[in-house]
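A.B. asks: As a plain string of letters, each chain reads:
There are 2 protein chains.
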Amino acid sequence: MITVALAKGALLKDSVSRLANAGLDFSTLLDSSNRQLMISSSCGRAKALLVRNGDVPVYVAYGQAQLGIVGYDVLKEQDMPVANLLDLGFGGCRMSVAVQATSGYKRGLDLPPHCRVASKFTNCARTYFEDLDLPVELVHLTGSVELGPITGMAEAIVDLVASGRTLKENGLIEIEELFHSTARLIGNPLSLRLDKGILQEIIAEVKSQKSVANFSS
Amino acid sequence: MITVALAKGALLKDSVSRLANAGLDFSTLLDSSNRQLMISSSCGRAKALLVRNGDVPVYVAYGQAQLGIVGYDVLKEQDMPVANLLDLGFGGCRMSVAVQATSGYKRGLDLPPHCRVASKFTNCARTYFEDLDLPVELVHLTGSVELGPITGMAEAIVDLVASGRTLKENGLIEIEELFHSTARLIGNPLSLRLDKGILQEIIAEVKSQKSVANFSS
Chain G
1 MITVALAKGA LLKDSVSRLA NAGLDFSTLL DSSNRQLMIS SSCGRAKALL VRNGDVPVYV
61 AYGQAQLGIV GYDVLKEQDM PVANLLDLGF GGCRMSVAVQ ATSGYKRGLD LPPHCRVASK
121 FTNCARTYFE DLDLPVELVH LTGSVELGPI TGMAEAIVDL VASGRTLKEN GLIEIEELFH
181 STARLIGNPL SLRLDKGILQ EIIAEVKSQK SVANFSS
Chain W
1 MITVALAKGA LLKDSVSRLA NAGLDFSTLL DSSNRQLMIS SSCGRAKALL VRNGDVPVYV
61 AYGQAQLGIV GYDVLKEQDM PVANLLDLGF GGCRMSVAVQ ATSGYKRGLD LPPHCRVASK
121 FTNCARTYFE DLDLPVELVH LTGSVELGPI TGMAEAIVDL VASGRTLKEN GLIEIEELFH
181 STARLIGNPL SLRLDKGILQ EIIAEVKSQK SVANFSS
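From first to last, the protein sequence lines are chains G and W. So that you can map any letter, position 90 of the first sequence is 90 in the numbering used here, and since no number is skipped, the others follow by simple counting. So that you can map any letter, position 211 of the second sequence is 211 in the numbering used here, and since no number is skipped, the others follow by simple counting.
With the rest of the complex left out, here is chain G:
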């Protein structure tokens, strides 16, 4: 029996659909009345764990789940020892630097040295500003990062942007893109090494579905 860790929220619907294409039916998780965090697929071949975005790599790294589906942004921020197996293509968004539209800053290097940058992704932000050789003070927030510049606490934010609507509503504009993020299929390295074919079969099924999807689009 294999276990797949899935993230609550925006990626769930597409994750369930991709696994269904590979023969694993976890559609119960999409039922709004479902309160279970651990369910079996209807075929009995696999279990799913429904956890927070940031916890998917943890369950996979510790081997409680052999596979998982999570955004590249989370993988990049956490740097857990998991294998990044496949780019699933959905859940596209970008990690960006944004500032107040009225600030006049046009690119990362315009920001004043030792300015404050608020982010939920302080590891990603640290790497970016270190590469720029621009010293900044990072302020870790857990939500509503756009309040950082609005309240005057931070000159800039580093955050995930999908449609850009939240930024616009808050008078912010993107000035740099750190990287593009999509959902990834990840695996536990030891489970992959010891695999007798079951994991590889599922990975291949998920992968072939991807090619079909790409071909038809």
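Only true hints are included.
Which copy is meant is left open, so a pair is good if it fits within one copy or across any two.
Below, in silico cross-link-like pairs of lysine to any residue (SDA-like), each with a Cα-Cα straight-line distance of 20 angstroms or less: (1) K120 x G54; (2) K120 x G143; (3) K168 x Q36; (4) K47 x M153; (5) K8 x H140; (6) K207 x D195; (7) K8 x N34; (8) K120 x S163; (9) K120 x T182; (10) K8 x I150.
Honestly, the hints are just simulated from the structure, not real lab data. Small disclaimer: the values here were computed from a predicted structure and weren't measured.
Starting from the known structure of chain G, arrange chain W on it as the hints suggest.
C.D. replies: Chain W only, in chain G's frame:
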């Protein structure tokens, strides 16, 4: 104009009610259709920032809010430079060690050395196990910590317990209490030192309401 940082979620209703008693009306925040994260009180004397639990001490520490209301659990976990002004009494819960009911562990010291402990509050957990002189491997999770023991990833969890219903539903029992937590009024130390009376007045009003409440109960 002073700013008060308030936490979304379980503490919000009582926080708004205590500030209303002190003359600051932020009842708009309780309106389920409200999407604004920053609102003015109807008297125009103050603003409120509606942020995640864990971000309240950040806004207060950086001085973007002079006052804030947040659970003692968050203060203890984060250890930010803010003044803990007043125990507001509501939002009572306890930080506890819990294990599977079938495990046989009766107290913290029964846990095997180097076992795994899952928690959202890894700083609180670290202090507790260091005081016990019991080496454990802490696994940081961001939600649904009860899955840790259920999946076999962790022998124990350290988590906030209010009614105990979630633990019971997941076959877990509390074996130790680290501390009791309630909502606290916190303040920015510099703002308190420079205060010309406005903050002290609000603090006194909130405090006197507390005495009345205690007296009547």
